[in-house]
Amino acid sequence: IKCQHYPPARALQASAALRRASDEHKKEPLTSSSQQHFDSPPAGHQPEQEPQGPHPSYTGQGGQESEDYESEEQLQHRILTAALEFVPEHGWTAEAIAEGAKTLGLSVAAAGMFHSDGSELILHFVSECNTKLSKLLEKEQKLVQLGEAEKKPIDEFLRDAVEARLRMLIPYIEKWPQALSVLLLPRNIPSSLNLLTSMIDDIWHYAGDQSTDFNWYTRRAVLTGIYNTTELVMMQDSSPGFEDTWRFLGNRVADAMTMSNTASQVQSTGEAVVQGLMGAAVTVSN
Amino acid sequence: VYQVFENVAKKYDVMNDSMTLGIHRVWKDILMHKMNPCPGTLLLDVAGGTGDIAFRFINYVRTVRQRQLQRKLKNHQNLSWQEIFDSYQKDQFNSLGDSQVVVCDINREMLKVGKQKAQHLGYSEGLSWVLGNAEELPFDDDKFDVYTIAFGIRNVTRIDLALQEAYRVLKPGGRFLCLEFSHVSNPLLSRLYDLYSFQVIPVLGEVIAGDWRSYQYLVESIRQFPPQEELKAMIEDAGFFKVDYENLNFGIVAIHSGFKL
Numbered sequence: 007i008k009c010q011h012y013p014p015a016r017a018l019q020a021s022a023a024l025r026r027a028s029d030e031h032k033k034e035p036l037t038s039s040s041q042q043h044f045d046s047p048p049a050g051h052q053p054e055q056e057p058q059g060p061h062p063s064y065t066g067q068g069g070q071e072s073e074d075y076e077s078e079e080q081l082q083h084r085i086l087t088a089a090l091e092f093v094p095e096h097g098w099t100a101e102a103i104a105e106g107a108k109t110l111g112l113s114v115a116a117a118g119m120f121h122s123d124g125s126e127l128i129l130h131f132v133s134e135c136n137t138k139l140s141k142l143l144e145k146e147q148k149l150v151q152l153g154e155a156e157k158k159p160i161d162e163f164l165r166d167a168v169e170a171r172l173r174m175l176i177p178y179i180e181k182w183p184q185a186l187s188v189l190l191l192p193r194n195i196p197s198s199l200n201l202l203t204s205m206i207d208d209i210w211h212y213a214g215d216q217s218t219d220f221n222w223y224t225r226r227a228v229l230t231g232i233y234n235t236t237e238l239v240m241m242q243d244s245s246p247g248f249e250d251t252w253r254f255l256g257n258r259v260a261d262a263m264t265m266s267n268t269a270s271q272v273q274s275t276g277e278a279v280v281q282g283l284m285g286a287a288v289t290v291s292n
Numbered sequence: 091v092y093q094v095f096e097n098v099a100k101k102y103d104v105m106n107d108s109m110t111l112g113i114h115r116v117w118k119d120i121l122m123h124k125m126n127p128c129p130g131t132l133l134l135d136v137a138g139g140t141g142d143i144a145f146r147f148i149n150y151v152r153t154v155r156q157r158q159l160q161r162k163l164k165n166h167q168n169l170s171w172q173e174i175f176d177s178y179q180k181d182q183f184n185s186l187g188d189s190q191v192v193v194c195d196i197n198r199e200m201l202k203v204g205k206q207k208a209q210h211l212g213y214s215e216g217l218s219w220v221l222g223n224a225e226e227l228p229f230d231d232d233k234f235d236v237y238t239i240a241f242g243i244r245n246v247t248r249i250d251l252a253l254q255e256a257y258r259v260l261k262p263g264g265r266f267l268c269l270e271f272s273h274v275s276n277p278l279l280s281r282l283y284d285l286y287s288f289q290v291i292p293v294l295g296e297v298i299a300g301d302w303r304s305y306q307y308l309v310e311s312i313r314q315f316p317p318q319e320e321l322k323a324m325i326e327d328a329g330f331f332k333v334d335y336e337n338l339n340f341g342i343v344a345i346h347s348g349f350k351l
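Chains as they are written, first to last, in this note's numbering: chain A, 7 to 292; chain B, 91 to 351.
Derived from the structure by calculation, the hints contain no laboratory data.
Watch out, some of these pointers could steer you wrong.
Straight line, CA to CA, 27 Å or less: simulated BS3-like cross-link-like pairs of lysine-lysine [claimed, not checked]:
1) B:K162 <-> A:K108
2) B:K202 <-> B:K233
3) A:K108 <-> B:K124
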């Protein structure tokens, strides 16, 4: 993962002007990231602050700056978020990033800040989706704690979590295979693997202590397998509303549950057999 | 400086090829790849007299534009023939996608050679030729998407002024790119390079262009130029962000890049 360096303390005065201009036509996607931290610009608009996500994500901290400006990281965030809406048309490319920069009032040359294969855009998107999932699961957990909702059985919980996460891909589904192949480039594997495992960990964390007799690594591996295979099925699914994919997902989760039951059954049977043998041995020795 | 380039203008390209054994073309291609311009980009090429960067820019943008149009046509499968025809008409007369390059040079002779080359090679649209001084550009603020200066910044007397002017004329988000000879850190290579520079190049200068002194000046100005890190600091001082450099050929040449954010 790239090391984030904290930028020298200088004002991005161009960006302060840009934010004043862009405040006039503020769009939803610009405020969706929980990693962004808009400080109040001198022109006196309302500051928008969002809490940091509960789990570390790819981009790391926003950094401590003084009041009046945003760092390079935050600007890059905003450009990438703005670029997402051009992905269905241009794919995960530098062109989409250039169009995104244009909507923020920046020159198209700003896309040169990023790699020309669009890696950062994809990683940014994945990290955003993971954050959204976290928030969703957290909200559900709160509802359960307040007693306003039932605690879901483990298989239903996993199924719903994976489905929710995969549904976030739907607007970009046409170009998603391209994104998957970019994520598999050797250069990107550490980051993409990190994002994947942290998402899986997240889901298990919110699944709570309903976990069965799996040990920790097996749990991770099983859910990663379910997620990856379902994602691939989704790529080729042309059924209405992706119902084939959700059915596939349900089957895989059920398989995993059966496997765990079988495993515990095997274990208890094994214990019973051992006890029987011990008893027989004792009898024989007497 | 003016005198040097007056003498040098006509034989500039030939000298470039022989001095660098043709590698300068590769360097300029790498610069263009790094820039990765998309159609609609406005480029200012300073000290770009004979137009090398400008022509490469036009070629690159033209290719990207063609690919864009092909992709659009592929997505047009549901439209009626009339609609396809209309959009094709509109795009056909826009083969550069509104990209433009302004070539600015302090030396009229260099610009003249550049214009002749353009005519000769068939570049007609998207090019402008302007006489101007890098320390005081005749352009308004916030105009250009990309500012390049290839092998020109070492000839500028006040580099900091040139950098400030670059900052001024760039749009917010615009990019500064500088291709220049720089310092070789590898000691063995550095000795070979020195040997080549001081012994071979002025001789070539005399033989090909009939001008020993100008090329002696060129080689010495390369040695006096600030090294990579120092130039990076100067660019940062002018207000650019995300300043970085990439060494080509172990530091014989370096590309510095910065953004106006």
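To see whether the hints hold, each was checked on the structure:
Taken as a hint, the B:K162 and A:K108 pair is honoured in the structure, with Cα atoms around 20 Å apart against an allowance of 27 Å. For the hint linking B:K202 to B:K233, the alpha-carbon distance of about 25 Å falls within 27 Å, and the restraint holds. Between A:K108 and B:K124 the CA atoms are separated by roughly 19 Å; this keeps the pair inside 27 Å, and the hint holds.
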